[in-house]
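**Q** Okay, here's what each chain looks like letter by letter:
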Amino acid sequence: MPGIVFQFRCVLGLLLIGTTLAAAGEIPMSERRSGYDTMSADTKAMQDDDTANPASLWVLEGETLWSSKAANGKSCADCHGDAAQSMKGVAARYPAFDAKLNKPIDLDQRINLCRAEHQNATPFAPESRDLLALSAFVARQSRGLPIVQADPKMQSAIEAGRALFEQRVGQLNLSCAQCHDDNWGKQLAGSMIPQAHPTGYPIYRLEWQSLGSLQRRLRNCLFGQRAELYARDAPEMIALEAFLMWRARGMPMDAPGVRP
Amino acid sequence: MDQNRRELLTGAGALAGGLLLVSMRSADATPASMRAAIRNVLGDVEIGKGKVSLDIAPLVENGNAVPMTVAVESPMTATNYVKAIHVFNEKNPQPNIISIHLGPRAGKASISTRIRLADSQRVVAIAQMSDGSVWSDEVNVIVTLAACVEGL
Amino acid sequence: MAKPLINVPAKAKRGDVIEIKTLISHVMETGFRHSNIGEFLPRDIITQFVCSYNGEEIFRAELFPAIAANPFITFHTVATESGTLTFEWTGDNGFSASGQANITVVD
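Here the protein sequences line up with chains A, B and C, keeping their order. All residue numbers for the first sequence refer to the numbering used here, where the first residue is 2 and numbers rise by one. All residue numbers for the second sequence refer to the numbering used here, where the first residue is 18 and numbers rise by one. All residue numbers for the third sequence refer to the numbering used here, where the first residue is -15 and numbers rise by one.
Incorrect hints may appear among the rest.
Stated by the list, open to error - With a straight-line cut-off of 27 angstroms between C-alpha atoms, the simulated BS3-like cross-links for lysine-lysine are:
{"no.": "1", "chain 1": "B", "residue 1": "125", "chain 2": "B", "residue 2": "66"}
{"no.": "2", "chain 1": "C", "residue 1": "-5", "chain 2": "B", "residue 2": "68"}
{"no.": "3", "chain 1": "C", "residue 1": "-13", "chain 2": "B", "residue 2": "68"}
{"no.": "4", "chain 1": "A", "residue 1": "70", "chain 2": "A", "residue 2": "89"}
Treat the hints as calculated values from the structure; they're not laboratory data.
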C-alpha cells in the first residue's frame, strides 16, 4: 500500500505542477513558439548548420574541457563517461533542486559545484569562456529533447518565478508578461517580441557577438525594463529560470541556439 | 558602430539603449568615401552592372552578423576567370568589407561570409575578371536592431 | 586559442568543385567602439585568411572590421589531387592561427 500512496502523491504533485493557476495572459500550449520559430530565415540557417553556427566553437572547446584533467587529476569524463549518453536530457531538466544545498540551482551552478566537490578545482567565473563552453557542450546533448520541469520540490521556485514574471518593475513599470505573454509577435522598435522560451540556451546572441547564458539575457531584459538587475545566481534569477523552463515544458531544446 | 545604433534607438523612442549611454559620433562612411575606396582598390575603371550576384537579405534582424553570399558568373577556366571580388558599403565607419583573391582553381566564384552593417545602407560587390573587365551588383539592406540590449 | 572549425569533404572525385567552410573564434574588435565608460577599444581583427592546397595558394581574403566576429568564410576549389589543405589566419597584435584538412581525390 505505501507504494500506491507514494505514486498517488507523485501524480498529485505532477498534476499540481501541470495545472498551477494558468494566468489570464498565458500562452495556450498550441500557440507556443520558440525563439527559433520566430526569427528570420537567415538566422535560422546560421543555427541549423553546425559548421556555420558560431556556438559550435564553444561546443568544441567544451568537448575538450570535458576530458581535461583538473587539479585532482579527474576530468568530467572520468565520472560521467561519454557525454552523449550521460548528459542526455540533463540541460532539459535544469534548474533542478539540489538536495545537499536544499535549494534550486541552474546548470552553470551545477557545473561549478562538480568542479569544487569532485575535481578539487576552483569554480569557473560566471560567463567565463570555460564555463560557457562546458555549458554549451552539455546543453548540446539535450538537443531535440523536451524540456521537463516536473519535480514537486521545484514548485515553490516556479511559483516565485511566476510572481516575478508577472510583476511590474523598473522605471517603465513593465512586467515580463506584458511583452511576452500579451504582446508576443508584435514589433518592439523593429524587433519581433518573442514568447521568451529558453529552449536554446546558452545562445550565441548576435547582439553580444558571443555565446552567453540565460542569466545574461535576463539582465538584458531587466535593463530594457529599466529595472535593477538581479545579481548573478540571485534567488530571483534561479526562480525566473525555473519558471521560464516550466512555462516552456514539453518544447524541444535547440541548444546551443543563435538568436538576434 | 554601437553609437549609431544607440542613436537610432533613442530616435525611435524605444525602451532600450540611448538614455544611459554616452552618444559619440564617429567618422561614418558616406557614398563619397565608398566611391573613393572603390577607386583606391580598383583604380579608375569602368564598372559594369551584371555577372555578379550579391545575396543579402533585404531586412536583417541584427547588423552584427549579416550573412552575405557573392557569386560571379564565370567559366573559371585558365584563360577566363574571376581574379578578385571586393565588397564595399556606404555607411559603416569604413567603406571596405572584404577583398577576395581567386584563380582558375576555384572552380566556382562563390563565397559566403557574415558581415557587420552599422545602419541600413547600400552594399556593393565588385568583381575583377582575368580579361580586365569589371562587373558589379548592389543591394539595399534595411538593418533593424535588437531590443533589450546589454546595459552597464 | 580555440581551434578553428574547418569543413572539407574527406573524399571527392577528381575535377569536382568542392565547398570549403571555415569558422574561427575571434572578437574582430572594430576599432570604432568605446566601452560603456568611454574607453577607446583599439582595433583587433584578423586581417588575412589564406588557403593552400598541397602548397599552392588557392584562396586569399583580406578582412576588414566589417567582417563579423568569429569569422565564417566559405569558398570553393576544384578537387585536383589527394593531399592536404592548409589554412592560415593572421591579424592584428601578431595574431596567427592555422589548421589543416586532408582530402582523398578519386577518379
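**Q** If a hint holds in the structure, say so; if it doesn't, say that too.
**A** Against the structure, the hints:
For the suggested pair residue 125 (chain B) and residue 66 (chain B), the alpha carbons sit about 20 angstroms apart, so the restraint of at most 27 angstroms is met. Restraint check for residue -5 (chain C) and residue 68 (chain B): the C-alpha separation of about 31 angstroms exceeds 27 angstroms, so the hint is violated. Between residue -13 (chain C) and residue 68 (chain B), the direct Cα distance comes to roughly 36 angstroms. Violation of the 27 angstroms bound is thereby established for this hinted pair. For the hint pairing residue 70 (chain A) with residue 89 (chain A), the CA-to-CA distance comes to about 22 angstroms; that is within 27 angstroms, so the pair holds.
Hint compliance for this structure: hints 2 and 3 are not met, and every other hint is.
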